Amino acid sequence: SAVISQKPSRDICQRGTSLTIQCQVDSQVTMMFWYRQQPGQSLTLIATANQGSEATYESGFVIDKFPISRPNLTFSTLTVSNMSPEDSSIYLCSSMTGYEQYFGPGTRLTVT
Amino acid sequence: GQQVMQIPQYQHVQEGEDFTTYCNSSTTLSNIQWYKQRPGGHPVFLIQLVKSGEVKKQKRLTFQFGEAKKNSSLHITATQTTDVGTYFCAPQGGATNKLIFGTGTLLAVQP
Numbered sequence: 001s002a003v004i005s006q007k008p009s010r011d012i013c014q015r016g017t018s019l020t021i022q023c024q025v026d027s028q029v030t031m032m033f034w035y036r037q038q039p040g041q042s043l044t045l046i047a048t049a050n051q052g053s054e055a056t057y058e059s060g061f062v063i064d065k066f067p068i069s070r071p072n073l074t075f076s077t078l079t080v081s082n083m084s085p086e087d088s089s090i091y092l093c094s095s096m097t098g099y100e101q102y103f104g105p106g107t108r109l110t111v112t
Numbered sequence: 001g002q003q004v005m006q007i008p009q010y011q012h013v014q015e016g017e018d019f020t021t022y023c024n025s026s027t028t029l030s031n032i033q034w035y036k037q038r039p040g041g042h043p044v045f046l047i048q049l050v051k052s053g054e055v056k057k058q059k060r061l062t063f064q065f066g067e068a069k070k071n072s073s074l075h076i077t078a079t080q081t082t083d084v085g086t087y088f089c090a091p092q093g094g095a096t097n098k099l100i101f102g103t104g105t106l107l108a109v110q111p
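Residue numbers (this note's numbering), protein chains in the order written: chain A, 1 to 112; chain B, 1 to 111.
No lab work stands behind these hints, which were simulated from the structure alone. Take the hints with a grain of salt, since some may be wrong.
Okay, derived cross-link-like pairs now, BS3-like style, lysine-lysine, Cα gap no bigger than 27 Å in a straight line [to be verified]:
#1 Lys57/B x Lys36/B
#2 Lys65/A x Lys7/A
#3 Lys98/B x Lys70/B
#4 Lys70/B x Lys56/B
#5 Lys7/A x Lys56/B
#6 Lys51/B x Lys65/A
#7 Lys59/B x Lys36/B
#8 Lys7/A x Lys36/B
#9 Lys51/B x Lys98/B
Computed from a predicted model, the values in this text were never measured in an experiment.
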C-alpha cells in the first residue's frame, strides 16, 4: 500500500491567480495521476505523471492550464493556472502500486 | 472516448436490505476495478476483476464481471450503515494503466 499526503488541504483563491498543489507518496512509485472531482460527481483524470518524462494529458486538459512537475519518484505538483470559478473542485493525486491506485485526501479549491 | 455508466445513480435502503450497482461500458474491457468513496473521503480500492464471468466475494460484497467483459456488478448483502458511500467502477487500460471512473452510485443506508 501507499500513504499519500497533499498540500494544501483546501484554499480559496481569486480568479486570475495560480495555485500549486503538492503530492507526496511514502514510497517510490513510477506512475502518479492527477484527478479532478466536482462535488457529487465522478473523478475525471487530468493527467498521468511519469518520472523523467513529460506528463500525459487527457482530452480537455492542457499543459498551459495544468502544468505538472514530477521531480522524483515520491513527489509531484499540479498547478492550476489563471484560475476561474469553473476550476473550483477537489483535486486528487494518486499513485499506483501493482494494479491498485491509492489516493491522497484531496485539495478542495474554491475560486472567487 | 470510453464511457462507463453506472445505475442507479442513487439508492436509499433500510439497513439489512440488499443493494446492487451495475456498471456498463460501451467497449470491451481488459479488466475493471471497484472503489468506495465515503462522504468527504477519497476513493479506496476494493477489488480488481480480470477474467470473463469472474465472481469474487469479500464478506458481504460480491463482485461480478460479465461474460462479454462489458459490464460488471457489485452486490452488497444485508447492508450496514458502514456501507454508506459512493461506489465507482473503473476500467483500467492504456499504456499507463490509467483508470476511467464510472459515474458512480451513491448508497444511503437508513438505520
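Legend entry - Hints violated by the structure (listed by number, smallest first): Failing hints, ascending: 5, 6.
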